[in-house]
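Chemist: Given next are the chains, with one letter for each unit.
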Amino acid sequence: MTTLLTQFNETPSQTGGPYVHIGLAPRQAGFEIFENNFGNVLVQPETQGERIRIEGCVYDGTGSLLRDVLIEVWQANAAGKYAHPADRQNKPLDPAFRGWGRTGADFDTGVYTFETIKPGKVSHPDGREQAPHICLVLFARGINIGLHTRLYFEDETDANAKDPVLNGIEWVVRRDTLKARREVRDGEVVYRFDIRIQDTPDGGKETVFFDI
Amino acid sequence: MSDILLPPASGALSPDLTAHGYFGQRNSEAHPPALTPGYKTSVLRSPRNALISNFATLSEITGPVFTPAELGPKDNDLITNFAKDGLPIGERIVVHGFVRDEFGRPVKGALVEVWQANASGRYRHKKDQYLGSLDPNFGGCGRMLTDENGHYVYRTIKPGPYPWRNRINEWRPAHIHYSISGDGWVQRLITQLYFEGDPLIPHCPIIKTIPSESQIRSLIAQLDREQAVPMDSLCYRFDITLRGRRATWFENK
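So the sequence lines, in the order shown, correspond to chains A and B. Heads up, the first sequence is in UniProt numbering, so the first residue is 1 and it goes up one at a time. Heads up, the second sequence is in UniProt numbering, so the first residue is 1 and it goes up one at a time.
Please note: incorrect hints may appear among the correct ones.
Claimed, not checked - Listed below are the simulated DSSO-like cross-link pairs for lysine-lysine, each with C-alpha atoms no more than 30 Å apart in a straight line: (1) B:LYS208 <-> B:LYS126; (2) B:LYS40 <-> A:LYS205; (3) A:LYS162 <-> A:LYS121; (4) A:LYS91 <-> B:LYS127; (5) A:LYS162 <-> A:LYS205; (6) A:LYS205 <-> A:LYS91.
Hint data in this document are derived by calculation from the structure and do not stem from the laboratory. Here the structure is a predicted model, which means the values were calculated and not measured.
Using the sequences and the hints, build the whole thing.
Modeler: Next comes the structure, spelled out in structure tokens:
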């Protein structure tokens, strides 16, 4: 016999507002308060994997920068394992990698960056492997509920072609909005990932957002 | 062939996922839509395409884990965590409540982060130019982890209402911003707490983005006289509900 559980409504979301930094990145708001601050550097010296920088801007429906956006990332380690007890894949944990970080876009340039490692492939529940990807969530003034997206790597051509989530996007032309561009700058690998919240009149391509 | 509408093949669910369970889908009617023209900034900051729904993978059912060692002893005391040469000015309050999932189970070890204006309605932020005065002894942010019962508590100064440019004479009700990182990435939530009896609540275009009255009520903290500290602080109670993991009742075979 099955049992029906009482179900309560999830607490409704509200915008993070323009001063989201006070709570989530107080140094950026302009003051020191916590001894330990959460930030955009996910790597320590002992962390395993290929060092990469993620960088980009977020644009609104006129193509203007969101200079007040706050972004968080969540990703697997270089072996494709998440630092969380629900990940029971038979892959090594990296004690020097948590897989999470947050940052605000620069108030002047609108650029956000993360210093991290390229994640490994993670199993999909249907038994296939997912292409390497990083989960992102965006909060800002004007955004009523956090926008979830995924960053994939343009140079993972074969893996991307087989990825179940990318293939779940019916409009093939939209899949490319999730692929970060690879550049090498002074020996450092940089992936550029711009996010367009809304199609612009000149045909700007709106980034795919997920209901996860 | 498209994969869009195929559920995970019967029998293919890995034990990795069922061990911690999937999350039920988000009830979008419990939340504001992205485009809410009464809140003007949302017009150019809302996607025009529908969100794409996916079956959850490990990427969505896991999430960052936080430990008490990462937090400082005063991180949940906004009355003293920025005090320089005295106490901040304003109404002393304690705010507490439980973080549970949609099935009523406590969410343990959730990171709850809060931020707010001071008693004047002024934020300590480079970009806030409101003429309400800054309080040299008030920072306006705090954080804590829920305990084994999902309970959290912090102490602060009740924030003042705040004028903002939406229409020209728009005022936010007194509010405290909340950010909650639960046990899985899908539970990530940012919201705002309002205070019982505030007459600005029914007029606020940000609150009115929420489609139902009962959901709006769930954001209003209630005065908790029983927990007030005599001759010291009033108390408000504010509970939070996050997405819930479903149990697996039957083998998927």
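Chemist: Next, verify each hint and record whether it holds.
Modeler: Now for the hints, and whether the structure bears them out:
no., hint, in the structure
1, B:LYS208 <-> B:LYS126, "holds, 28 Å"
2, B:LYS40 <-> A:LYS205, "holds, 22 Å"
3, A:LYS162 <-> A:LYS121, "holds, 12 Å"
4, A:LYS91 <-> B:LYS127, "violated, 45 Å"
5, A:LYS162 <-> A:LYS205, "holds, 23 Å"
6, A:LYS205 <-> A:LYS91, "violated, 37 Å"
In this structure, the hints that do not hold are numbers 4 and 6, in rising order.
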